[in-house]
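Each protein sequence line maps, in turn, to chains C and B. This note's numbering puts the first residue of the first sequence at 1, with every later residue one more than the last. This note's numbering puts the first residue of the second sequence at 1001, with every later residue one more than the last.
These aren't lab readings, by the way, just hints derived from the structure by calculation. Hints may be right or wrong, so weigh each one.
Unchecked claim - For lysine-lysine, the following BS3-like pairs were computed, each having C-alpha atoms within a straight-line distance of at most 27 Å:
#1 C:Lys5 with B:Lys1051
#2 B:Lys1077 with B:Lys1005
#3 C:Lys77 with C:Lys61
#4 C:Lys186 with B:Lys1127
#5 B:Lys1051 with C:Lys186
These numbers come from a predicted model, not from an experiment.
Protein chains: 2
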Amino acid sequence: MRWKKISDAVVRRLPLYLRVLEEAYHSGDVKLMSSQELGERAGVSPALVRKDLAWFGEFGKQGVGYEVRYLREELRKILNLDREIRVAVIGVGSLGHALVRYNQQRYREDQHFNLHVVALFDADPAKIHTRLDGLMIHPIDTLAEVTRREGLQMAIVTVPASAAQQVVDRCVEAGIRAILNFAPAKLTVPEGVHLANADVSLELQRLAYYLGE
Amino acid sequence: MRWKKISDAVVRRLPLYLRVLEEAYHSGDVKLMSSQELGERAGVSPALVRKDLAWFGEFGKQGVGYEVRYLREELRKILNLDREIRVAVIGVGSLGHALVRYNQQRYREDQHFNLHVVALFDADPAKIHTRLDGLMIHPIDTLAEVTRREGLQMAIVTVPASAAQQVVDRCVEAGIRAILNFAPAKLTVPEGVHLANADVSLELQRLAYYLGE
């Protein structure tokens, strides 16, 4: 069952709620949590917490709150995080490499962290067919083949801006439907494919605005 | 002059407009741009482009469009990007190091890119007082002193989640008012300090939602 027409703004807050619930669940001493407390810990107003979660079902009881264990499980299902998601990193320069190491550490330390980088790609002949942190670096033109073989569903793109659109086009052709782009470029994807931008420069430029206040 | 009460959503789109204008300006062959074209290139509706920019002044003429060179200059002023902003990277593990290298490359290649990483900090005694890519790594407890001396205004935080709040508190004490946090932790800052989260895991979890569609 999927829930249609839920806005990206709602979806954006779900991982924040999940993080609070994971912390409470693993600490073990919070069984019930009010929307007030969940909101405070997630940095969202209690009314918005209730409204967001109501899109997906009735999870809380008035005056009692949300059952932490249950809501955590449900949110993991809603976000498709109840099963392993196999991820490619395309472009293993210093940023790509750092993201691989970060992912491997998270994956190793947290058995519930199901986002797993399992394949690397690069265009540099000197890197292709070598291993990085235990993973083989494939040439980009094998993306479709490796995607099929490895069951890749998501890609993290850290190639130079000039190559980014071409790489994203290849991801789309290969059937990858969720892409996190770090290249400082405006990219387009067809409907049905989701692209998120993690361009660090844009974030810094946005923050710079507030320095003048 | 500052413009009060402008929503974060508006501010978030300004760097997207600036990027389009920078590209047009440097290509040299586009002198005027309609809100239609600016919107298309930035991925924003033309009506929203006009509405966003109207917060800051009258930049366009109906039926003529925006003068690229002028609007670019004005946006750079609005975002405080018309002068150098000195940035600290706190935590120089693999992600921190990758961000330093990325910044140095951008800064070197683009004379208009005014976000400049000039100081590094770490807690690891083996790293402290050594140089990384030409920059000295300082101990974290000298943050206030180095901030004063170097005129630091912004910090990029890439320390482990468990240390992140403490590091951010130190930034606030040192007078840094804009912080980009990569640690997977919910952090709080007092009013007047701006914190942006660039937690890669949250972005990936959000994208995972769409895999089930």
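Each hint tested on the structure:
1. Note on lysine 5 of chain C and lysine 1051 of chain B: the hinted pairing holds, with a Cα-Cα distance of about 25 Å set against a maximum of 27 Å.
2. Under the criterion of a C-alpha separation no larger than 27 Å, the hint pairing lysine 1077 of chain B with lysine 1005 of chain B is consistent with the structure, at around 18 Å.
3. The hinted pair formed by lysine 77 of chain C and lysine 61 of chain C meets the criterion: a straight-line CA distance of about 20 Å does not exceed 27 Å.
4. Restraint check for lysine 186 of chain C and lysine 1127 of chain B: the C-alpha separation of about 37 Å exceeds 27 Å, so the hint is violated.
5. Between lysine 1051 of chain B and lysine 186 of chain C, the direct Cα distance comes to roughly 21 Å. Compliance with the 27 Å bound is thereby established for this hinted pair.
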